[in-house]
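Student: In the order they appear, the protein sequences are chains C and X.
The first sequence begins at 1 in my numbering and counts up by one.
The second sequence begins at 1 in my numbering and counts up by one.
Note that these hints are calculated values from the structure, not bench results.
In this text, all values refer to a predicted model and were calculated from it rather than measured experimentally.
Just to be clear, a hint being listed does not mean it is correct.
Stated by the list, open to error - Mimicking DSBU-like on lysine-lysine, the simulated pairs with C-alpha atoms at most 35 Å apart in a straight line are: (1) C:249 <-> X:95; (2) X:21 <-> X:122; (3) X:139 <-> X:94; (4) X:35 <-> X:139; (5) X:122 <-> C:47; (6) X:95 <-> X:176; (7) X:176 <-> C:47; (8) X:139 <-> C:249.
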Amino acid sequence: MNTDPNILNEIREITPLLADLHGINVFQAPDNYFQNLPESILIRLDKEKVNLNIQEPSFEVPNGYFESLSLNILKKIKEEEMGSESDELPPVLSGQKSINPFFIPQNYFETFPQTVLDKIRNEDKRETGKIVSFHFKKIYRYATAAVIAVGLFLTSYLMFQNNSGKGKSGFAVVTRKTVDDPGALKYNSEKAFNEGIASLSDDQIIRYLEKNGNSFDMDALINSSDTSGLPNPEDYLIDENTLNNYLNKINYKNFETQ
Amino acid sequence: MSTEIQSDEELLLQFRDPSTKERAFESIIKKYQEKLYWHIRRLVINHEDANDVLQNMFIKVWKSLDNFREESQLYTWLYRISTNESLTFLNNQKKRNSISLDDEEYSPAYKLKSDPHFDANKLEWKLQMAIQSLPEKQKLVFNLRYYDEMPYEQMSKVLETSTGALKASYHHAAKKIEDFILNH
Chain C
1 MNTDPNILNE IREITPLLAD LHGINVFQAP DNYFQNLPES ILIRLDKEKV NLNIQEPSFE
61 VPNGYFESLS LNILKKIKEE EMGSESDELP PVLSGQKSIN PFFIPQNYFE TFPQTVLDKI
121 RNEDKRETGK IVSFHFKKIY RYATAAVIAV GLFLTSYLMF QNNSGKGKSG FAVVTRKTVD
181 DPGALKYNSE KAFNEGIASL SDDQIIRYLE KNGNSFDMDA LINSSDTSGL PNPEDYLIDE
241 NTLNNYLNKI NYKNFETQ
Chain X
1 MSTEIQSDEE LLLQFRDPST KERAFESIIK KYQEKLYWHI RRLVINHEDA NDVLQNMFIK
61 VWKSLDNFRE ESQLYTWLYR ISTNESLTFL NNQKKRNSIS LDDEEYSPAY KLKSDPHFDA
121 NKLEWKLQMA IQSLPEKQKL VFNLRYYDEM PYEQMSKVLE TSTGALKASY HHAAKKIEDF
181 ILNH
């Protein structure tokens, strides 16, 4: 063994004792060990079926490989998940996993779907009249909203009708009756009213309705509206088209253009 | 062409060629087997254990040599693998001992004493006993420097430690060994 003088000097500076021992190997390897080692490793590689002879990949896959690949992967993941969960259990518990201590009546699962279906049919028969009530809350909400909307709509319509018939005074009466703000009195003509409405943005109108939706204004409008021509509220509960039919009947499109 | 004069770059090129892959690997084994064997042997002590670790290590090298990045030297890479394999082997042995409560049989001192050539009166065997008494990292540093004469820069890559720390570690290890020999 050729000793590096720098390394020898280094150890001599630290401890001369070790410098004197430098290069002595107490261990021995069997005879011819190093001559045979490469072959031993190559034989082992071959035995372990590590690919010694690298071949060009054939770039061929079995028929239908890619079609079923995703399914196979998912299946494997599922199996591994189930396996790993089982592995996490103590052996005593994982061995008990397939044992079910509970008993069920004979043919329970065979007859179960029919039992459920029979039960559903019986319930249907009993509850037929209540199907409407099942949706009552929802329909009631729509109906209420629709009544208010129609009320507002008809009131507006009547106001415009009155104004067009009676001239300026109609406006003055309505505004004095419903609005305390003296500033509102300036809308004492149809023209002034239309200009005032036109000057409002959509956001302002929405904010006003949101703020005053339940206020005196809204009540006054509803109370003053003529609801005698409205369809029976029960009809809303049966047929949601009733309101649309009614609006079509009174030809509400014409009101918009008036 | 003689394998002794082939550079690592040449061997790696041949390894990547399927037609010369096996021959190149054989050359790599021949080039490094002795150095690696003695490095492993000093750590695991038994020849049988060293042989197992060395063979397993070369099989891992075969499997991963295609992915070897040449920014590090093959020499330091092989040393790192052999060091890791040796430490893993010793740790596994330690775990098995803790289960069987049979510490004595697998202790480095017991292994040394079991060697047919062991002589407690000889200084060189005392040196081996002293080395085995070192902490793991100091033992590695001492062996790589004292026996393998590895430059600190290379050792730094094998053990992923700064050269300054390695120098200090080597100094402490040598002093501890001296104390051990003088007091036993």
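Student: Decide, hint by hint, whether the structure agrees.
Tutor: Taking the hints in turn, this is what the structure says about them:
1. C:249 <-> X:95: violated, 91 Å
2. X:21 <-> X:122: violated, 46 Å
3. X:139 <-> X:94: holds, 17 Å
4. X:35 <-> X:139: Answer holds: residue 35 of chain X to residue 139 of chain X is near 17 Å, not above 35 Å.
5. X:122 <-> C:47: Not satisfied, since the Cα-Cα distance of roughly 43 Å exceeds 35 Å.
6. X:95 <-> X:176: holds, 27 Å
7. X:176 <-> C:47: violated, 45 Å
8. X:139 <-> C:249: violated, 101 Å
Checked against the numbered hints above, the structure breaks hints 1, 2, 5, 7 and 8 and satisfies the rest.
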